[in-house]
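Undergrad: Taken in sequence, the protein lines are chains U and X. For the first sequence, counting from 1, position 74 maps to 76 in the numbering used here; every step adds exactly one. For the second sequence, counting from 1, position 113 maps to 115 in the numbering used here; every step adds exactly one.
No wet-lab data here; the hints were simulated from the structure.
The list cannot tell twin chains apart, which means a pair is met if one copy fits it or any two copies do.
Quick list of in silico lysine to any residue cross-link-like pairs, SDA-like style, CA-CA up to 25 angstroms:
1. K190 - H224
2. K183 - T148
3. K190 - V156
4. K39 - R123
5. K183 - V156
6. K190 - E208
7. K190 - G153
8. K183 - R239
9. K39 - G153
There are 2 protein chains.
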Amino acid sequence: MAGTFFTVGLGPGDPDLMTVKAARIIGAVPVIAYFAKRGHSGHARGIVQGRTRADVEEVRLDYPFTTEVSLNDPEYAVTIGAFYEMSAACLATRLDAGKDVALLCEGDPFFYGSSMYLYDRLHGSYTHEVVPGICGMSGCWAAAGTPIVHGDDVLTVLPGTLDEESLTTRLRDCDGAVIMKVGRNLPKIRTALARAGVADRAIYVERGTMPGQRIVPLAEFHDAPAPYFSMILVPGRQRPR
Amino acid sequence: MAGTFFTVGLGPGDPDLMTVKAARIIGAVPVIAYFAKRGHSGHARGIVQGRTRADVEEVRLDYPFTTEVSLNDPEYAVTIGAFYEMSAACLATRLDAGKDVALLCEGDPFFYGSSMYLYDRLHGSYTHEVVPGICGMSGCWAAAGTPIVHGDDVLTVLPGTLDEESLTTRLRDCDGAVIMKVGRNLPKIRTALARAGVADRAIYVERGTMPGQRIVPLAEFHDAPAPYFSMILVPGRQRPR
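Excised from the complex, chain U in its bound form (with noise of 0.2 angstroms):
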């Protein structure tokens, strides 16, 4: 019989952040998977450091970028897409061996999440499930002591790799905003939110929940560029109560 294959969100970096069933999964599958650049160890698989059976089995599924590839190349979606074809392969070798396999995912999985790519690939053929996890967003939030919206509030969460005209106008015509891949996009960024008045209003966050965060006002924040890790809130709730 084969294994079942769990897609395992795991929040936004502090492992106390995992949910109880995610922690449950981790410490009992005999086989985890996580996507990691070359060069670096892995965030998700940071998250779980010693939380996993002694004797799991570890399958690092490499990305075949090393720096990035803009998404509209036509050459980044074949080769990413032949990179996704191996790694579900991957894992349906551990499944069909009967053995269950966690994919762990930073964050939410189905949340601009890589693994939703092999959750494609694999769960029409086993058994499956997916475990949500708290938003990247949601822990930073949280940290830097900042609601986000209430009451009739709109939130747009923007991906920071926009032009400037669209950043400027979805900033114009929202309540919360917040912006995701932040890294070299951050002068442009910055110009956006200052052409749709919000300027004063976006805070910095840095690492949210994890060792060496950082959140500032993003008008005292100076440095360039940002890292991959950070993270741009505007907060709603201009209507207090």
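Add chain X to chain U, keeping to what the hints say.
TA: This is chain X only, laid out in the frame that chain U set:
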């Protein structure tokens, strides 16, 4: 010495989707507090059933309204403001007596949660901690097996209380969307989804991750009105990978 004020997110409903940290705090504090509607047992309270200290003191905070009053009605603001003042005072009494207090919150406390109004009133005066929780929407898209956004997708979270025109415009303009507070707003939401051309992607989720969970394409849902614990998901991800 005064107690610590914990604002604790409990996640979407399944008690196993509480974080390890939340479970530990809930099992340790001498006082829990929670909001509830008159005549109902309290959703947040239900999630922690059997997980608190045997001698825990429960502070139930009954909302002053049993039926919905418009958020824009001036009477609403006055009455609800007084209610939050009184609730904060109730918790302050316990904190001043040196007792740690956990305010229970379904979902994530800073994402449309009433707990933020007590956080506003108490966090300046007491040692405090906010524990994020899995948002209801994460629980719903995991339960539905539907990744919501990837890559450069924009996610928009919309309260179903918005007018039809606003809903339509915003739905036209996003990749993925979540519509909260469905209830009696369903007919209007349905029209907006159709006008925006996304009705065929819409998924109706009722009591996500809880007993009685129901997940169907919106086109196949014909009951009215929808219950309070319902949500509509419009998956983004129109560019496959």
